[in-house]
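Could you slot chain V onto chain L? The hints should help.
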Amino acid sequence: MKDINKDCVNCPAHNINNLVKLGVDMKNFDFVVALAGNPNVGKSTVFNALTGLKQHTGNWPGKTVGRAEGAFMYNNKRYKIVDLPGTYSLLSTSVDEEIARDFILFGQPDVTIIVVDASTLERNLNLTLQVLEITDRAVLCLNLIDEAERHNLKIDDRLLSKELGIPVIPCAARQGIGIPELLKSIHQVANREFICKPYRMTNTTKNISKAVEDLNDRLKKEFPKLSNTRWIALRLLEGDQSIIDAIKTGEIGNLTIPENEN
Amino acid sequence: MENREKIIEIANKYRWEIGENIHDAILESIYSSASNITSKVVNKIGEKSKFNWDKWIDKIVTGKLTGFPIMFVMLAIVFWITISGANYPSKFLSWILIDNIHPYLKSLALSLSFPNWIVGLSIDGAYLATAWVVSVMLPPMAIFFPLFTLLEDFGYLPRVAFNMDFLYKKVGAHGKQALTMTMGFGCNAAGVVATRIIDSPRERLLAIITNNFSLCNGRWPTQILIATIFIGGAVPNYLAGIASSAAVVFIALLGVTFSLIVSYFLSNTVLKGEASSFALELPPYRPPRILQTIYTSLIDRTLIVLWRAIVFAAPAGIVIWLVSNITINNISLAEYFINWTNPFGFFIGLNGVILLAYIIAIPANEIVIPTVLMLTVLTNKLSGYGSGAGVMFELDSIQQTEYLLRAGGWTLLTGVNLMLFSLLHNPCSTTIYSIYKETRSLKWTMISTLLPILMGFTICFLVATFWRAL
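Protein chains in written order, with numbering that gives the first Met the number 0: chain L, 0 to 261; chain V, 0 to 469.
In isolation and in its complexed conformation, chain V is listed as follows:
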């Protein structure tokens, strides 16, 4: 034991004698050995290749003038393909799972004379919630993830980070935060884990706290649907598609802006420090292996994310069914809560239904919209929709959804604020858990959870106030 201490002591003494340059001396010795060996074994044959495609493409996609516009266009194209491509398979799945299997299961259960509450809880609650999530989420994910993975495989992702890193550096964060932010567009929990590539704990915290500002896969459907109904509905028909796509891209970019602003704020207050420099290696472009990429991204990402959604949707369906069917004095628990929070909801341009939906949807953002629709029907006693209290359902067309929401008192302001609130609210429970696992700190987990929701309330309040003043 003493010997060990002594060895460390002697090492410390030597370190003082030799001085600071020991690290450099070792590095130098490594570098010179490496270059020595390389010069022996590598031979260049003839001229370097006539035309360097990589450099040519890089000049354009990371150019000062062209870089950002290309990024936006790429983003818009990916969304456009996702939005327009997901519609048909979505309809098909909901026709099978909701229009056909659901009534069949229900009549089967009734014919076996199960008690009413069991049928409601399991079939109208758990099954329908799960079926809705599958039919709404599977098609866009099956399109979005392979597209995103193809871009990744091709080598575009590091270029996005390269374009953005100077912005993050300017606000006192690590340039690699641009990469983890991009990962967050797929899934925030994955983005939080990906912050491990950032060395300094200070900059890693910044990246973790602000990752939630990347719209994740669970929030894209909400954005797309609400933009289609309210933004698309507010402009002439021939502009509807472009306007709603633009609105979604705008919200996504707003998220990036917020991640910059919050990073700036934190790095100038509680997380002070210098931004550390790093070298970002731009990998060569490689032709993506299309079939393999589609296969692995379906297995690795789509099915895993879908499974998670299903695991959370079933219990959430039960909760929804319970809160809307357990009544005190003939008024359900859900109605109590909604009536109680409505004034506050109105104050910030939302409503009690949305607030309750976001509490039920803490485990998975994916179920916000079905919950909102179901609760709207319930509280407004609209007839002819769904099949009774606590049933999640899929409406046949966007027009019907629109009619329903408008009947529930929704305006363009509610739509806009829901899009904003969907961007600015607490992370889902999986992400919160990942944040805790990565930071091992309750304090930072709380901050990451509460900060965005406070921002959401503030922004929605400001928008509502100005909107009503105009």
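Chain L on its own, in the form it takes in the complex:
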């Protein structure tokens, strides 16, 4: 009897039945999930598939300008999910990019789902790598896999997962393909069943590496609980005003180390 149950839990069909779409009922959630990605890759479609909400979706970049929130329940855990505006990077300072970055940085989501367009993977990875610099817990939703196949592109998702150090789930969210697997990964990352080892960029020049390391050490001393000091050091070097302000006010000290790093 136990064995059968175990098999059921591993079967995607069982898991999708375990999904309770809660819509806007966001009371007493256990985890916060953020949805990030380039414009027009289907973030809102994934959002709707998970929450059962009917957030307006449209085939043009820049449709979501604020952030939408919803909730779902999966395996008896309640998740609050936040749909962030689509951005190409987290480096510049337009309002929508700031909303996205500040949420991932200060909102401290338990899982960040990075939605990418499989047919333009390279461009999408630019944002993915930047997100992975900020957060340790992410899942890559390799969306629009059907379109990529139509363009005769084959993507090795297992190798990609190994390279990035996070789960990679091929999806076609419009048709509901891959959503059960995506849910399972979110669950695993949120509950620390899957420990991410996110890709970190190394190939910068010597001068920069030295400066980053020095600042990194100082930041760690001043804010011992701060998790992504390396990224903050980089932003300081670039003169990012909102990060400078956050250090001045000490607000940045609220960013704590996720338990799995200890």
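It is possible that some hints are incorrect.
[Unchecked claim] Computed list of lysine-lysine pairs in DSSO-like fashion (alpha-carbon distance at most 30 angstroms, straight line):
| no. | chain 1 | residue 1 | chain 2 | residue 2 |
| --- | --- | --- | --- | --- |
| 1 | V | Lys-54 | L | Lys-209 |
| 2 | V | Lys-54 | L | Lys-153 |
| 3 | V | Lys-105 | V | Lys-90 |
| 4 | V | Lys-5 | L | Lys-247 |
| 5 | V | Lys-5 | L | Lys-205 |
Hint data in this document are derived by calculation from the structure and do not stem from the laboratory.
Chain V alone, transformed into the frame defined by chain L:
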């Protein structure tokens, strides 16, 4: 605290030592990592697909010669479907809500011997205004929004922006303003919020101030009705449909032109600056999911906009009933105002009725026409229409509306100028509030509100003067 300052100081020192290229170095490292990983995991199988439909369609809809004509034709087709399709459900709704439920409610209220003023205020004022808005607005919105959303879902909207962006760039605005302008065709308040996609505050202000020049959903019915009566009536019968459709498209394009002119003027005076460049990604065409799109656009857009209209129509109905029933020396407040503003109205080719209607309709442009009709009846003491002072009503046919307006002293000039004034006047209160929320500046909110109305007076005056001189 000191340590924090010190960290920032050291970071600044490093930044000077390393120089400008740090941003580039970081970007380069990101890009090379991305391309490195991509080359490992992506495999192309065989040839690229034989024929690229997306590119072929793009060549036509964004072509130099074909782009704009296709845009106009698409626009015209959407209006034509909306105009011709909305008529029957509109008639049906008004038959139920106005011809049947209204008399029933009234006789019910009277039989329960409610005081006269309560019956007037609630049933002739609030209920009728609401019923009119529902019967006039629901059908065109239920057709227009799904059509518009289907185009959006298919991927046509970014192509419109792509066609137009060079124009906006030329006048010193951001190319993405073309996108927010297109959003404004649905609802200006939504268009104003959508300007968040524009990075630079200067260009964002331009987009916010000029969004009002996109005819919004609340103004389409006015344009369509007045064009049908006055433009359609001025040409031979067989040309009436085409001429009135063309007039509406002309006003819409005039709005786009004004948004360009005003952007040019502002970006060369108070909002000086270089236009920033941006990359507009043309998304792939996707087959629209028709049923789902119709469902979500009905829920998301139609019902929300309709609800807003109803919320504003009911109090407006009360106001109309009050101003036309509160009298001093046997003359109602409305008549005082109309008689007082008539000379100015005549001066700019409009009349006092229209001016009062636009004040009452600040919360929602949708109720301009019913207010105009009601006030016309009232001030000209026409008999046989509606049912007493302050009652909003729906006329059975366009001919009757025409007769009524002509009896109120309307000419072709009044019609043309009303269409122009409907394009060029203050934004509705929701949009004004959105502008304030987005800009957080009273000054820019005032400018966005007053600029179009001043333009409206000027243009109407010029048209009236030339018209009368000819």
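So, going through the hints one by one against the coordinates:
1. With a C-alpha separation of about 47 angstroms, the suggested pairing of Lys-54/V with Lys-209/L is violated against the 30 angstroms cut-off.
2. Using a Cα cut-off of 30 angstroms, the hinted pair Lys-54/V and Lys-153/L holds, with the two alpha carbons roughly 22 angstroms apart.
3. Our distance criterion of 30 angstroms between C-alpha atoms is met by Lys-105/V and Lys-90/V, whose separation comes to about 21 angstroms.
4. Only pairs whose Cα atoms come within 30 angstroms are accepted, and Lys-5/V paired with Lys-247/L is accepted, the gap being roughly 10 angstroms.
5. Distance restraint check for Lys-5/V and Lys-205/L: the Cα-Cα separation of roughly 23 angstroms lies within the 30 angstroms cut-off, and the hinted pair is therefore satisfied.
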